[in-house]
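Protein chains: 2
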Amino acid sequence: MNIVCIGSGNVATHLAIALKAMGAEIVQVWSQDSRNAEILAALTKAKPVLDWQEIDRSADLYLIAVKDDAIPAVASHLKGVKGIVVHTAGATDMNVLQGAGSGYGVLYPLQTFSKTKSIDLTHVPFCIEADRPGTLEKIAAVAHLLSQQVAELSSEQRKILHVAAVFACNFTNHLYHLSSQLLEQHQLKFDLLKPLITETAQKIQNALPSDVQTGPAVRDDQETMKSHLELLEGSPELQQLYETLSNSIKKTHLL
Amino acid sequence: MNIVCIGSGNVATHLAIALKAMGAEIVQVWSQDSRNAEILAALTKAKPVLDWQEIDRSADLYLIAVKDDAIPAVASHLKGVKGIVVHTAGATDMNVLQGAGSGYGVLYPLQTFSKTKSIDLTHVPFCIEADRPGTLEKIAAVAHLLSQQVAELSSEQRKILHVAAVFACNFTNHLYHLSSQLLEQHQLKFDLLKPLITETAQKIQNALPSDVQTGPAVRDDQETMKSHLELLEGSPELQQLYETLSNSIKKTHLL
Chain A
0 MNIVCIGSGN VATHLAIALK AMGAEIVQVW SQDSRNAEIL AALTKAKPVL DWQEIDRSAD
60 LYLIAVKDDA IPAVASHLKG VKGIVVHTAG ATDMNVLQGA GSGYGVLYPL QTFSKTKSID
120 LTHVPFCIEA DRPGTLEKIA AVAHLLSQQV AELSSEQRKI LHVAAVFACN FTNHLYHLSS
180 QLLEQHQLKF DLLKPLITET AQKIQNALPS DVQTGPAVRD DQETMKSHLE LLEGSPELQQ
240 LYETLSNSIK KTHLL
Chain B
0 MNIVCIGSGN VATHLAIALK AMGAEIVQVW SQDSRNAEIL AALTKAKPVL DWQEIDRSAD
60 LYLIAVKDDA IPAVASHLKG VKGIVVHTAG ATDMNVLQGA GSGYGVLYPL QTFSKTKSID
120 LTHVPFCIEA DRPGTLEKIA AVAHLLSQQV AELSSEQRKI LHVAAVFACN FTNHLYHLSS
180 QLLEQHQLKF DLLKPLITET AQKIQNALPS DVQTGPAVRD DQETMKSHLE LLEGSPELQQ
240 LYETLSNSIK KTHLL
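Residue numbers (numbering that gives the first Met the number 0), protein chains in the order written: chain A, 0 to 254; chain B, 0 to 254.
The hints are simulated quantities; they were obtained by calculation from the structure and are not laboratory data.
Since this is a predicted model, take the numbers as computed values, not measurements.
A portion of the hints provided could be inaccurate.
The list cannot tell twin chains apart, which means a pair is met if one copy fits it or any two copies do.
[What the hints assert, rightly or not] The calculated SDA-like cross-link candidates involving lysine to any residue, where the alpha carbons are at most 25 Å apart (straight line), are:
| hint | residue 1 | residue 2 |
| --- | --- | --- |
| 1 | 225 | 33 |
| 2 | 225 | 134 |
| 3 | 44 | 180 |
| 4 | 250 | 180 |
| 5 | 114 | 97 |
| 6 | 193 | 148 |
| 7 | 225 | 8 |
| 8 | 193 | 151 |
| 9 | 19 | 155 |
| 10 | 193 | 32 |
| 11 | 225 | 236 |
| 12 | 114 | 33 |
| 13 | 46 | 131 |
| 14 | 193 | 122 |
| 15 | 188 | 150 |
| 16 | 193 | 205 |
| 17 | 193 | 183 |
| 18 | 116 | 251 |
Let the hints inform the model, and build the full structure from the sequences given.
Next up, the structure:
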């Protein structure tokens, strides 16, 4: 299988390297950033490409991993190519690819990627969607190369999953950040919280989050919440988040 | 070492069982709930006690693991006992124990406990504090029986750590819950999010959370945030949380 990789960011990097490792050939890496194109091309023994004129039009798969709002423009350059065209975005409708390639669809890995950390993709859910059964089959084959967890989802379902992931991953990571800042301001090490963070994520692997909720809000422990808000007096932003999230917990558990 | 365990909730259960396993003798379990007292007493081969008159006054350690606001009343019953008295609460000042036992202090395990899930305490940070060096030494010895991670913290530091833990654990778990609800409403399985949740918690073990923040807010991806808010139109509460947390991310990363 010959693949043209469009993009050179976190998702492009992880997918291209994993596909290469599974025996696919990455023939080209396109990026508007020449340095990044060269790095990923070197990692995957591909040719870096900056000009749309130079894109190989006979590859089997065109893997688009660029910013969501750049996908339609990329798709317009891929009209008439021989292979199928997929994007890898959670929040973008499949139909922005309409007319591209000999078939089009979505290959969305539900994971948080950082270039500096390698990830075992085997257990990452890949959400797939296609314009028609024949394309779906091809995308499913690519997905199964990468992961044991492949789910067919409509664009609407994928968007819901994406917003749920923002809550469970992006917002969660920001809460880690806020707690690390708070500790730092008081000369305490973030390391102290790491076992707790691990356990919190571990717990819900085999239990409903609502069944394992702990803390002052779910106990309706007014005294502790009051003293926490006093401790946060120097940080109106943390106070507001504390109140908003505590109220949401109370609404879930106490009403 | 003879221990009287005051309380029979999650913390009492985990600590009493672990101390028993390390060779301590749990002589009594006091609880206002006779059924819970009996269960924990049976698990630790202790005697269940409901009446303060019956408390063994010659034990080495009195371990208080009751609701924060009940600690002062418990302490008043432990004046003149032979051993030292500790509470296990994150948000309660050590001084509420003043006058109890032959010395007093705090043994606070920074972890989220559920009765139904056993936890390896070896890596759980135990935060300790004492009225004087002699007591601190004894509490440190107990803490080291249970864990490799023992830190001496003042009441003020412990309270900050506790509120930071509310952000990193309790609020995080609630975000897991909200995302699971959202998926359920759209006939999607929460299982899809579990690898992402694991990886998000894993990532910050060796990186600063602010260095690995992903998602639309940190990219200032207005289009995606707008479409997420539209998807959440049926849930004003989720919309409000989405905006509050996204603004907080933007404030951290984009200002």
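Residue 225 and residue 236: within-copy, between-copy, both or neither at 25 Å Cα: Answer is both; intra-copy 16 Å and inter-copy 22 Å each pass.
Intra- versus inter-copy proximity for residue 97 and residue 114 (alpha-carbon distance at most 25 Å): Neither, since 30 Å and 53 Å both go past 25 Å.
Intra- versus inter-copy proximity for residue 180 and residue 250 (alpha-carbon distance at most 25 Å): The answer is between: 14 Å across copies meets 25 Å, while 28 Å in one copy does not.
Homo-oligomer pair classification [residue 251, residue 116; C-alpha up to 25 Å]: Only across copies: residue 116 and residue 251 sit 22 Å apart there, 36 Å inside one copy, limit 25 Å.
25 Å Cα threshold - placement of residue 33 relative to residue 114: within (17 Å within a copy, 55 Å between copies)
Copy assignment of residue 188 with residue 150, given that the CA separation must stay at most 25 Å: between (40 Å within a copy, 11 Å between copies)
Intra- versus inter-copy proximity for residue 205 and residue 193 (alpha-carbon distance at most 25 Å): both (20 Å within a copy, 10 Å between copies)
25 Å Cα threshold - placement of residue 134 relative to residue 225: neither (57 Å within a copy, 30 Å between copies)
Up to 25 Å CA-CA - residue 33 versus residue 225, copy category: Result: close neither inside a copy nor across copies, 54 Å intra and 31 Å inter.
Status of residue 148 relative to residue 193 across identical chains (alpha carbons, at most 25 Å): Between copies only: 12 Å across, 28 Å inside.
25 Å Cα threshold - placement of residue 131 relative to residue 46: neither (31 Å within a copy, 69 Å between copies)
Alpha-carbon proximity context of residue 193 and residue 32, limit 25 Å: neither (36 Å within a copy, 33 Å between copies)
In this structure, the earlier hints numbered 1, 2, 3, 5, 9, 10 and 13 are contradicted, and the remaining ones agree with it.
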